[in-house]
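Protein chains: 2
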Amino acid sequence: MSAKKVVKGLAADAGIEINGTQPWDIQVHDREMYDRVLKQGSLGLGESYMDGQWDCDDLETAIAMLVTSAAERRIIRDPRLVLRLAGFYLGQVVPNRGARRRAYTIGKHHYDIGNDLYRRMLDRRMIYSCGYWADAGTLDEAQEAKLDLICRKLELREGMRVLDIGCGWGGFLKYATERYGVTGLGVTVSQEQVEHAQEELAGLPVEVRLADYRDVTGTFDRILSIGMFEHVGYKNYPVYMQTVHDRLADDGLTLVHTIGCNAPIKSRDRWIARYIFPNSKLPALTQIDEAARDHFALEDLHNFGPDYTLTLRAWHQNFTAAWPELSASYDERFRRMWVYFLLSSAAAFRVRKTQLWQFVFSKYRPGVYRSIR
Amino acid sequence: MSAKKVVKGLAADAGIEINGTQPWDIQVHDREMYDRVLKQGSLGLGESYMDGQWDCDDLETAIAMLVTSAAERRIIRDPRLVLRLAGFYLGQVVPNRGARRRAYTIGKHHYDIGNDLYRRMLDRRMIYSCGYWADAGTLDEAQEAKLDLICRKLELREGMRVLDIGCGWGGFLKYATERYGVTGLGVTVSQEQVEHAQEELAGLPVEVRLADYRDVTGTFDRILSIGMFEHVGYKNYPVYMQTVHDRLADDGLTLVHTIGCNAPIKSRDRWIARYIFPNSKLPALTQIDEAARDHFALEDLHNFGPDYTLTLRAWHQNFTAAWPELSASYDERFRRMWVYFLLSSAAAFRVRKTQLWQFVFSKYRPGVYRSIR
Chain U
1 MSAKKVVKGL
11 AADAGIEING
21 TQPWDIQVHD
31 REMYDRVLKQ
41 GSLGLGESYM
51 DGQWDCDDLE
61 TAIAMLVTSA
71 AERRIIRDPR
81 LVLRLAGFYL
91 GQVVPNRGAR
101 RRAYTIGKHH
111 YDIGNDLYRR
121 MLDRRMIYSC
131 GYWADAGTLD
141 EAQEAKLDLI
151 CRKLELREGM
161 RVLDIGCGWG
171 GFLKYATERY
181 GVTGLGVTVS
191 QEQVEHAQEE
201 LAGLPVEVRL
211 ADYRDVTGTF
221 DRILSIGMFE
231 HVGYKNYPVY
241 MQTVHDRLAD
251 DGLTLVHTIG
261 CNAPIKSRDR
271 WIARYIFPNS
281 KLPALTQIDE
291 AARDHFALED
301 LHNFGPDYTL
311 TLRAWHQNFT
321 AAWPELSASY
331 DERFRRMWVY
341 FLLSSAAAFR
351 VRKTQLWQFV
361 FSKYRPGVYR
371 SIR
Chain W
1 MSAKKVVKGL
11 AADAGIEING
21 TQPWDIQVHD
31 REMYDRVLKQ
41 GSLGLGESYM
51 DGQWDCDDLE
61 TAIAMLVTSA
71 AERRIIRDPR
81 LVLRLAGFYL
91 GQVVPNRGAR
101 RRAYTIGKHH
111 YDIGNDLYRR
121 MLDRRMIYSC
131 GYWADAGTLD
141 EAQEAKLDLI
151 CRKLELREGM
161 RVLDIGCGWG
171 GFLKYATERY
181 GVTGLGVTVS
191 QEQVEHAQEE
201 LAGLPVEVRL
211 ADYRDVTGTF
221 DRILSIGMFE
231 HVGYKNYPVY
241 MQTVHDRLAD
251 DGLTLVHTIG
261 CNAPIKSRDR
271 WIARYIFPNS
281 KLPALTQIDE
291 AARDHFALED
301 LHNFGPDYTL
311 TLRAWHQNFT
321 AAWPELSASY
331 DERFRRMWVY
341 FLLSSAAAFR
351 VRKTQLWQFV
361 FSKYRPGVYR
371 SIR
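Protein chains in written order, with my numbering: chain U, 1 to 373; chain W, 1 to 373.
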């Protein structure tokens with residue numbers, strides 16, 4: 001069977017017609033695409049898109065349909081294709097992705113791409129994580145709602161000392177100090193983020209440092225991380241939880257805002273690993289529970305994964321609108337890579353392949369925790 | 001070292017003085033108590049209490065202090081005592097406690113004790129599970145708040161068909177049909193509950209059957225269990241989840257309201273196993289997740305464990321107030337057993353050894369689930 005025939009069959013199983021007329025149909029411009037998909041799975045699909053070998057009017061829907069039909073799994077069950085694809089699936093080892101010496105790689109690779117890109121794509125506070133769309137109509141509103149939700153979940157009160165692990169461009173700390181009167185410390189592994197955050201937070205009782213969270217000392221009333229746990233690596237979850245435990249006051253609360261996947265995964269999406277997040281791994285609930293339960297009572301777990309689809313669509317819209325100016329700094333292949341990243345991620349949340357979790361933990365604090373929404 | 005000396009030492013470690021003057025101090029009436037505690041751990045402690053060998057003004061606090069100091073764990077670490085206690089800890093096998101043939105045992109043993117006891121102890125709706133005390137001042141209010149919380153979490157709408165697994169005396173179904181206009185089916189393994197529930201629900205579009213949940217057929221828009229999952233047994237969690245999945249509409253929601261423990265347990269409290277719940281086992285989060293994730297997205301997890309302390313205290317108060325009449329049907333040893341059950345359970349929730357969880361699951365339904373509190 002030719003590669004073209006196989007790929008066409010897999011697409012058809014998902015309801016997608018190659019060169020069809022529906023918005024989610026895939027338009028193939030270069031037949032090499034078929035070979036790359038067959039040989040390299042999701043990596044080949046993404047790379048051939050970056051290279052302009054195919055297009056799709058509604059890329060998010062197409063990926064959603066492909067994920068839903070679990071095309072990859074069915075390929076591997078087809079005995080005619082197992083040998084051919086063996087090289088793709090075998091030999092994937094799992095390095096200690098969040099090890100201290102690697103921690104700064106993610107900062108350099110992803111977050112130092114350029115503040116200009118993020119400034120154009122994100123909301124006005126530059127919050128690079130899922131917004132909360134329960135009562136929001138715009139990205140700005142969704143991000144502010146998310147920040148406020150976290151402040152309320154953490155029961156922030158004036159004078160509390162807060163540690164923000166992976167503080168990004170300082171958006172949360174700015175909001176929390178201005179609105180809730182807390183003080184605090186933010187750490188990030190991206191030099192560009194530190195510089196921007198220090199500017200943003202000038203005059204506020206907050207410090208921002210280029211530091212690994214494991215190097216922080218002192219005690220905090222509240223500790224949180226927003227969109228950072230994805231980079232910890234499951235072998236380091238116990239270290240993360242131990243560190244937070246050691247830094248947290250006995251009556252404290254800690255919140256983890258993270259993308260999650262439905263079951264522990266042994267290998268990652270190779271396209272995402274190569275182009276977007278080199279040292280990242282999505283946690284499963286069991287992995288978080290196993291690392292946390294010796295130290296913490298899980299007081300609350302909130303899943304609003306489909307809100308990430310809305311967030312990613314808003315980012316895609318902003319990115320596309322800003323492209324005329326951004327194109328001075330980035331080439332066409334980068335544009336296609338970024339669009340593919342945003343829309344395939346939107347698809348994964350849409351079909352519930354990935355979740356967005358907010359956990360609240362206490363140190364088995366006596367008395368009830370009144371969770372809020 | 002004498003048994004008395006060891007037990008006194010363990011109590012002292014927990015802050016309790018034998019024959020001391022604080023309300024949480026233990027008054028020993030019969031020295032045999034020391035031997036029984038040492039030889040049989042929690043079983044000996046409970047049995048010697050039932051036999052009147054010791055008393056305590058504030059039994060809940062005393063148990064809370066003992067649990068907190070983790071007395072049992074420290075005994076086993078003391079090499080002088082390991083051999084002596086080996087018989088207590090070894091050789092505990094885990095039978096399939098929720099197997100179909102055993103399912104009716106829990107009904108006969110616990111829930112058929114007599115409706116009169118439960119009528120006097122529980123709220124006016126006879127809800128035998130944790131109330132929701134966020135805005136409640138009385139047991140009646142806390143139970144009604146819990147029922148309404150579940151209805152709202154399940155997004156009940158008029159005409160929906162609801163399955164209540166372990167429906168008790170019909171309290172939830174009565175509330176849900178009257179207030180939310182649903183129809184439904186309740187199953188329980190207690191004949192006394194069926195009779196009471198059928199009376200209670202006469203004229204409403206609800207059926208109640210003496211049946212194992214695995215024997216239910218048909219499809220339901222919503223499925224729930226309140227205080228029933230504790231009796232399923234962890235080997236049957238996959239069967240429970242599979243059964244609910246098969247009976248649930250594709251766009252349906254299912255809620256599990258259950259006591260949970262902080263980590264998977266291999267052996268159970270022997271006193272509780274012998275006197276209160278013979279075939280029951282508390283789930284850990286990981287065990288529920290592992291059984292559920294192939295079928296369901298976890299949309300929401302709400303922990304209000306400390307509310308069970310308030311619920312159990314209210315039950316204890318009602319039970320004690322009703323004792324003059326109840327004593328016609330129950331003897332003193334039963335009274336002491338029941339008090340020990342209620343107050344030691346209250347202690348376990350107070351010190352966060354046990355949790356109260358409400359899970360909401362969907363079949364990986366597209367679109368966000370807006371959780372509420």
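In short, the hints are calculated from the structure, not lab data.
We put the beta carbon where it would ideally sit given N, CA and C, even for glycine.
Don't take every hint at face value.
Below are the DSS-like pairs computed for lysine-lysine, each with C-alpha atoms no more than 30 Å apart in a straight line [as the list claims (entries may be wrong)]:
1) Lys363(U) with Lys353(W)
2) Lys363(W) with Lys353(U)
3) Lys235(U) with Lys353(W)
4) Lys4(W) with Lys363(U)
5) Lys39(U) with Lys8(U)
6) Lys235(W) with Lys353(U)
7) Lys4(W) with Lys235(U)
To list a few chain U residues with every Cβ distance to chain W over 10 Å, as calculated [as the list claims (entries may be wrong)]:
8) Gln22
9) Ala134
10) Thr243
11) Asn262
12) Ile272
13) Arg293
14) Glu299
15) Ser329
16) Gln355
17) Tyr369
Cβ pair distances, simulated, as ranges [unchecked claim]:
18) Arg373(U) with Arg274(W): 37 to 45 Å
19) Pro238(W) with Asp140(U): 24 to 32 Å
20) Gly15(U) with Gly218(W): 27 to 35 Å
21) Gln22(U) with Pro278(W): 40 to 48 Å
22) Asp35(W) with Arg152(U): 51 to 59 Å
23) Lys235(U) with Arg120(W): 23 to 31 Å
24) Lys235(U) with Glu32(W): 46 to 54 Å
25) Arg179(U) with Ser327(W): 40 to 48 Å
If you test the structure against every hint from before, which numbers come out violated?
4, 7, 9, 11, 13, 14, 16, 17, 19, 21, 23 and 25
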